[in-house]
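**Q** Quick note on the numbering used here: the sequence shown kicks off at 615 and runs consecutively.
Derived by calculation from the structure, the hints in this document are not laboratory data.
Note that the structure is a prediction, hence the values are computed from the model and not measured.
A virtual CB, placed ideally from N, CA and C, is assigned to each residue, including glycine.
Fair warning: there could be bad hints in the mix.
The calculated lysine-lysine pairs, modelled on BS3-like cross-linking and capped at a C-alpha distance of 30 Å, are [unchecked claim]: (1) K642 x K761; (2) K1155 x K1195; (3) K642 x K667; (4) K1155 x K1625; (5) K1300 x K1576; (6) K1404 x K1097; (7) K720 x K775; (8) K1195 x K1266; (9) K629 x K687; (10) K1299 x K1576; (11) K685 x K788; (12) K1046 x K1097; (13) K1266 x K1164.
FRET-style restraints, in silico, Cβ to Cβ [to be verified]: (14) R1536 x G854: 42 to 50 Å; (15) P1285 x A778: 32 to 40 Å; (16) F1163 x R1431: 34 to 42 Å; (17) G1624 x V787: 47 to 55 Å; (18) T1435 x R1399: 34 to 42 Å; (19) G763 x G1038: 44 to 52 Å; (20) G982 x G854: 28 to 36 Å; (21) Q804 x L1501: 44 to 52 Å; (22) N905 x D1270: 38 to 46 Å; (23) Q665 x Q883: 14 to 22 Å; (24) R1578 x S1495: 26 to 34 Å; (25) R1222 x P1285: 39 to 47 Å; (26) D1269 x T985: 24 to 32 Å; (27) L1501 x G1038: 51 to 59 Å.
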Amino acid sequence: MPKRKMSLRNLKRVKSLHPETILVKQGKPSAVIVRPRHTEYLEIARGIQAQIKSLTGVSLSIVTADRVSEKPKRNLILLGNLNNNSVVFRLYGYNYTPVDAIYPGKGGYLYHSIHDPWGTGSNALGVFGSDLDGVRAAVDRFLHGLKQGRTLTVGRVFDVKFGAEALRIPGLVKDPDLNSEMEAAEEALQRGEHTGLWGRIGERGLLYGLTGNEAYAELYKRLVFRMYEHAMSDPDNYGGIWGFDADFALHKVIPGWDLVEESPNITSQERLRITRILFEFITDCVPHVGNMEVPHVRHNHTTFAALGLYYSGVYYRKYYGAGEAEDWISLADKCFQLQARAYKPHEDCSGYQWLTHYHLTKYSLSKGDMTFFDNGCARMAADYAILTTDNLGYALPYGDNASPFGWWSELPYLRASVCVMGDGRYQWMLNKKTAVEPRYSAYEYHSSVKPEEPSDLDGTQTFPVDPLYYDSNNGSSYLPYKKTVDKVVFRDGFDPDAQYLFLDGLSNGGHKHYDGNSISRITENGRIWLADCDYIKSLPKFHNGVLVFKNGQSMEIPPFVELERSANFEQTGFSETTLRKYSGVDWHRNIIWNRGRYFLVVDEMEAREEDDYSFRAVWQTLGNVEVQNGGLSVDQDGEQFYITGVPGTTLKLEDDEVTGGNWEEYKHAPPVVRILQQIADVHLKKRENFRYFNLLYCSDADQPQSLRMTQLTDGAIRIDGAGEVVYAGVGHPQTVQQIPSGPDVTAAQFHLSPSVFSIVDGTSLQWGGLGFKTDRPVSLEYLVREGSGKLIASGRTQVSFLAEGRSTVLVNGDETRTRQTGGVLRFEVSKGEHAFRLITDEVNRLRQLSERKFRPVARKPKASQVSKGKVKLLKPVWTYSGGGPFLSIRGADLTSDGHQEVVAGGTGGDVCAVKEGDILWRYRTGGEVRSVWTADLENDGQTEVIAGSADTHVYVLSAGGKKRWDFEIPLYYRTPMIRTVFAGDINGDGNLEVIVGAESWRYYAFTHDGKELWHQMTVHSSTQGCAADIDGDGRAEILAGTEYHRWHCIDGNGEIRWSYQPATGPRTNSVAAGDVDGDGMK
């Protein structure tokens, strides 16, 4: 490391290289052998020591890894791998060596030189293997190349033999073609590839470290020079001259350069040029970290840049003593040291959140700052990864995620968690996931420990919101922290055929969806039964929840869900989660679980004020469906699933083929999302409830079920067909609910059958000769036949059990002190969980009682008053279907007869002009026509037709259907299929200009005769737009809608005047302008 600080802005000389590793110099030792603690490695180290002594007469010292300083002054001979040598562990963190449990793989070896990794002039020789046999093979390669003499030196070396495991890593045995690679790079620049060429640059650098193939060093050099040349040409890139999110690649670019720089294919002058280019690039990345003084959990965009700056700072500090490097490291420290105090980043999105966690992990392990692991946050995050994985092995796609199978971005984090914490539960989940998706990458801290099924995360699980995440999202403005919940999971073991249900507790964070209190997924019998995944469609109507309209109006869903109660028992599970002040109601979602059989979902819509309400319970599924029993029956490849409701709602079934496209790779059902809405229009008084009851269950050959549900009271239903009668529902801990033919129960939630009593927050139960009372609410499950149960008390509680003919009760294995009066046993329990035994023979009697006839007493809410005015039905005058289905239509007088004809474009690729049902003309394009417009572009009294096609062309046609001109939109980021076309006078010259919005993230403006005026980046795909003079200056502005979170107003010069970010989520479906407040301005 240089002795004084310098600035990189005037860098004139590159760092010194140290290609030779001296082991013995003039009969004196210059190296140390560093071994793992295992005794087998002592024998190997002594063998190396003896061989070197026989060649040189010098005996090198042998030390264990823990005896080596952070900046060694001598060269090192390193034995072992990442998992047993702490010196190797630190080098691995900076990508100096890739040796771990899968690289080079069992029986394989890696013998390579590591040049000056500490900035002290000392090198290391890695004599590595994933196992002992591999290390022994590497030792043989090492010793074979040594020669006798008083000085022993090893030059640059990279000698590898891959075992089977390593071949899972992409690119290891590929020999890159330089010309093909550079041609692909040119296409990427034209397309505006994400991260520019920097992603490719970083990957090629790391591949050099994995293979020693000099072609990758050559590619790294050529790509950097081409990227710089392109950047200096001032390209029209979104995100700047270096490329969109170019800083995302910095954390690979710098370690890659540290490896490539040693290549003999790169001259000193080229090294200097690249080092300067990288400094310019790094400087541009600095602002992307953002303001690190704000004490909020970090966004993945921030941590991408921060990790890159950390590696950059370490490199330029140790090799150049650069003053800028200290600033970069300081910025990275501020980013990660705060995030290390949290187990959730800014994102509530299953794909993106793991990026931040892994960035933090790489920073922590390379720097040696273990705060994230020592404070328990890393373990909480890893447990979260297990909880949010369904029984098929897929991460739940909540947030912006279009794949039903997730991104697999959790894999690197889980691997590092296994490596650092040695927890077999994480290894077990990794094995499960990689059996489904065998995805492997290098430098991901591969290790292996004995797997252990994570049974502690079975049953009913509620995962708490991270405190720093809560504060970062202004949680105290909505709910007290103790009432919040991040996720709720019900899991009956980890078998793919077992039940899994996932409920989301958040509608905030980065890449969020408005899905709080929705059930994102149910898996059972190897199938996914609820469909919920998309990158863009974030609104509540795209999730399995309840839509609420108060007097015809909706409102934004609250950001935090309240956890009112939950319970985890042996045979049942419960949760009640609530959204407060949601469009005039408190929405209580109760999940009552009979393990292995069904879920009962009770949605209570409690009015906060009197009004008319419309409720729509949404269930999205896939497969062959049939509307029945107030819900749906679903079939996927012979497996059945049922959503059974109760009478009283209007059912609406729709198909969504567009969102269904996300399910193309799901093999058990066609890629069509089947959407059921259970609609109820009611008038509620203040604190009056409307309740949905839905029974969700599977039926198969091993456990055939045909369940029937009958509503008995406002809060209770009866289930028949489950082997015995079940009474289940909701109520109040202090209000008795008398259930026809069933028990009297006072509880917030209950699930009662002759053989199993389960209640949550209850104070009394009476059924036949069994019952209990408490002086405060308790939760319990009582297995009547076995006479055993569990009771959970929130404080010291007086308990009274009615058990005719019984005189004792065991609590926690001991006969407790009881008082008996008239068959009632009275005793006291302390706060906490208590196992109890109370033997009774009431099961048969209770079954007899449940078979008695019954009469439901449930009340029906008052229906909303709907206008009874007669609606006149429209009658078709004519029809035309050629060239359809049509996607866009427009009326215009094409024949100058004073009557409008119809211009239409559709999936057939034609622009059609139709008069009274007859075709006037047809113009064929090369793709579906998604937008048409008509206007007099030439001010000659004749109408022109504008059409935008998926063939990436905009066409302007005469009134007679002849092409006047067309323009091919150039490729950028995505194929520029055209979504919207319209016209407006945007420069005030009296002529109309043509406006085009394409999927390539851009809006274009053309003169009436086809000359491009400008284009503007709008991010993401264009959807709908319009032109209107909104400031009264005689020139139209363009209102440019997109599929994403920001919509723009663009002036006539192509500059964005302002942007709007809607509170209700992404995507513009329609755009119009008008004077809505009567001030004469649109």
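**Q** So if I understand the rule, the pair passes when the alpha-carbon distance is 30 Å or less; does K629 with K687 pass?
**A** Holds. K629 to K687 sits at ~18 Å (cutoff 30 Å).
**Q** For the pair we were handed, K1155 and K1195, check the Cα-Cα distance against 30 Å.
**A** holds, 18 Å
**Q** What's the verdict on K685 and K788, does the C-alpha distance respect the 30 Å limit or exceed it?
**A** violated, 36 Å
**Q** Go ahead and decide if the range 26 to 34 Å is satisfied by the Cβ distance of R1578 to S1495.
**A** About 28 Å separates the Cβ atoms of R1578 and S1495, which means 26 to 34 Å holds.
**Q** Run the distance test for K1299 versus K1576: straight-line Cα separation, threshold 30 Å.
**A** Cα-Cα ~64 Å, so violated.
**Q** Does the Cβ distance between G763 and G1038 fall inside 44 to 52 Å?
**A** holds, 50 Å
**Q** Mind checking the alpha carbons of K642 and K761 for me, to see if they're no more than 30 Å apart?
**A** holds, 16 Å
**Q** Hint check: K642 vs K667, CA-CA at most 30 Å. Holds or violated?
**A** Roughly 11 Å between the alpha carbons, so the hint for K642 and K667 holds.
**Q** Holds or violated: K1300 and K1576, Cα atoms, limit 30 Å.
**A** Given that 30 Å is the threshold and the Cα spacing comes to 65 Å, the pair is violated.
**Q** Evaluate the given range 24 to 32 Å for the C-beta pair formed by D1269 and T985.
**A** violated, 51 Å
**Q** Straight-line Cα separation of K720 and K775 no greater than 30 Å?
**A** Since the Cα atoms of K720 and K775 sit roughly 10 Å apart, the hinted pair holds (cutoff 30 Å).
**Q** Can you confirm whether the C-alpha distance between K1155 and K1625 stays at or below 30 Å?
**A** violated, 42 Å
Comparing the model with each earlier hint shows violations of hints 4, 5, 10, 11, 12, 16, 18, 21, 23, 26; every other hint is respected.
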